[in-house]
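Chemist: So the protein sequences, as listed, match chains V and H.
The first sequence begins at 37 in the working numbering and counts up by one.
The second sequence begins at 2 in the working numbering and counts up by one.
Quick caveat, the hints were computed from the structure, so don't treat them as lab data.
Just so you know, not all the hints are guaranteed correct.
As the list claims (entries may be wrong) - One-sided excerpt, in silico: chain V residues whose CB lies under 8 Å from chain H:
id, residue
1, PRO191
2, LEU231
3, HIS233
4, LEU235
5, PHE236
6, PRO241
For each residue, glycine too, the CB sits at the ideal point set by N, CA and C.
Residue strings, one per chain:
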Amino acid sequence: MTAVSQPIARARSAGPIRRAISRFMGNRAAVAGLAILVPILIATVTYDFWWPYKPNDIDLLAMNKGPSPTHWLGSDGVGRDVMARLLQGGRTSLLVATVSMVISTAIGFFVGAIAGFTGRLVDGVAMRFVDLAMTLPPVIFLLVLASIAGTGVLPTIFVISLLSWPVLSRMVRARLLELRERDFVVASRGMGAGLWHLLFRHGLPNTIDILVVFATLQVANGILLEAGLSFLGLGVTPPEASWGNMLNSARSTLVLENYPWQWMFPGAALILTVLAINFVGDGLRDAFDPRAELN
Amino acid sequence: MASDILLEVNGLTKHFPPVAFSRGPVVRAVEDVSFAIPRGQVVSLVGESGSGKTTVGRMVAHLIEPTAGSVRFDGVETTKLSRRELRRMHARVQYIFQDPFASLSPRMTIGEILTEGLDIQRVGTRAERQERAVAALTSVDLPPDAMARYAHEFSGGQRQRIGIARALALAPELIVADEPVSALDVSIQAQIVNLLRDLQVRLGLTMLFIAHDLAVVEYLADTVIVLYLGRVMEVAPSRQLYAAPRHPYTRALLSAVPSPDPTRRAARQLLKGDIPSPANPPSGCVFRTRCPFAVEPCAAGVPALREMAPGHFKACIRDDIDTA
C-alpha cells in the first residue's frame, strides 16, 4: 500500500456532473437523439419568424392538397397549412409535456424527499397516499380527471402532472432512505442541519440522476399522454393545433386513404420526437449510472 | 459557568426497538453507562465490535436520542433541549467518523464540505467562512488549493484529515472521534494519531476517543473506559489500566495487543467464542459467558462499579484474582 500523500497535479477538477456530461457525449444513440431533438425544438419555437402561414389561416384554393412548393407538407380539409399546424402542434405538445414534467417532477421530489427524510409517521402517510394514486388504473383515472377538469391546454397539463408524480416520489424516497444513514448526511445532521438544508444540499444533488432521467422520459410520456387525450377529444381541442388532435381530425377512412400527408407528418413527428427523447433519457441514465462513477 | 467537567454522562441507556409490526426482541445496545470528561482531557471508550461504543459516541454527539439517562454538557442537560438550542449545541460537539470514504459527500467540493457546518450555524460572512475553512485545512497539513477539489481525489489518510478539518472548522469544545484510524493503513494510522495528539494539545481540545485497539489508546488517552456488551467493565487512568488491569475482560484485551518483545508472547490469553447478542444478554455479569474466572455468583446479579484505587473502577466480583 502507498504511504503518505500522493501528489495531486490538477488545480481544478471535474465534478460528478461534468464527468456525467462527458460520458453522455460518448453515447452515440443519445447524441443522435439530441441531434434530432434540438432542430425540432428550434423549429417549433421559432417557426412564426420564417414560415409564411399561420396554423389557423384558411386557404380556400388549397383544400386537401398534397405537398407542394408553397405548402411543403400539403394542406388539410379546410385549407390550413399542415406545416404550420404541425409546428404549432409541436409547440403545444412540447409546452404541455414540459410544464407537466416540471410540475410532476417537483411534486414527486418533494413528496419523496419529505417522506424519506422525516419520521416514520409522515413517511407512512405519504406512502399510503402514493400507493393509492398508483393503484388507480391510469387510463380510467386520466379519463375521469379529464372529464372533471375539462379540455384545453391548462386542464391537460393539470391532468398529466397529477398522474405522473407517484412513481418518482417512490424512487426519490428509496434513494433518500439509504442516503439518510450515510455518514456524510449524519455528519450534516451533527452540525445542526435542518430539513431544508438536508433536502437541498444532500437530497437534491444525490437524486439529480433520478430527476434528470425521470424528467426526460416524462416529457416523452407527456407528449404521448397529451396526444392520447387530444385524440380522444379530452385534451387540447380544435381549432387549436396539437399532434394528438391533428391525428384525431385525420382518422376518417377518406382522409387516411386519400390525404396521407394529413396524418403521416404529425404521426412521424410524434414518433420521432418521443424516440429522440427516449434515446436522450437512456443516455442520461447511463451517464449518471453510479457504477460508472467507480471508474 | 465554566466548570472543570465538560461532559457528564449518567445512566446512559439505548434500546433499539424491533422493526415496526414485527415481534423481535429489543436490542440493548447501551445499558447504564456513566462517565465524565474533564475539560482538556481525552477519555477513551474501548471495546470490541458490538460493545456499544459507537452508540455511546453518537448519543454524546446528539446524533441519536438516548432511551434513558442524562448527558450534561457544560452543566446543561442536553437530552431535553428545544430544536433551536440543540442546533447551537451541535456546533459545540463535533464527530469524526470511522470510514473516511463514507463520511465525505462525493458531490461536494472540499470547500463546500468544510463550510457546510458554518453555513448551517450561520457563522460570519461568506468570506469569513471560507477563511475559517482554509485555516482548518492548513491545521491538518493540507494545502489550501484542496478547497476546489472533490473527495474522491484524495487518499484515505488525506480524507480522514479532511474529516478532522470539518470537525475543527466549527471550533467545537468536544470532539467525538469514532475509531478515526481503524479504516486506514497501518502506516497512515500513526500520522493521524499524531495529528490528533498535536491538535488536542495545541487547541486544548476535549476528546472522547472511541477505539477497539488499545495500543492507539495508550498513546492518546488520559482515562480509559472499557465497554463490553453495552456495559462499563472497567474505568481507570490510562497508565494504571495498562500497568495493572483489574477486570478479566481488560486483561484479555491487553494480552491481544501485539508486543514487540518476542519473550512476552507466551502470556497471551485468548477469549473463546463471540460477543453474545445484545438482544439477549446473559444474566448477571454480561461477560461471564466468556470469562475464564467466572463462578456461580456471577450469574446472580449485575456487578456494580466499585472503586478499587483512586479513579480506578471495576465491575467484577472476583477480587481474589487481582494479583494473578
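Chemist: Now tell me, hint by hint, if it's right for this structure.
Modeler: Now for the hints, and whether the structure bears them out:
Against a cut-off of 8 Å between C-beta atoms, the interface hint on PRO191/V is violated, since the closest Cβ of chain H lies about 38 Å away. At about 11 Å, the closest approach between the beta carbon of LEU231/V and any beta carbon in chain H exceeds 8 Å, and the interface hint on this residue is violated. Taking 8 Å as the C-beta contact cut-off toward chain H, the hint placing HIS233/V at the interface holds, the least distance being around 6 Å. With a least beta-carbon distance of about 13 Å to chain H, the hint placing LEU235/V at the interface is violated under the 8 Å criterion.
With 8 Å as the threshold, the beta carbon of PHE236/V stays out of range of chain H, its nearest partner Cβ sitting at about 11 Å, so the hint is violated. The closest approach between the C-beta of PRO241/V and any C-beta of chain H is roughly 4 Å, which is under the 8 Å cut-off, so the hint is satisfied.
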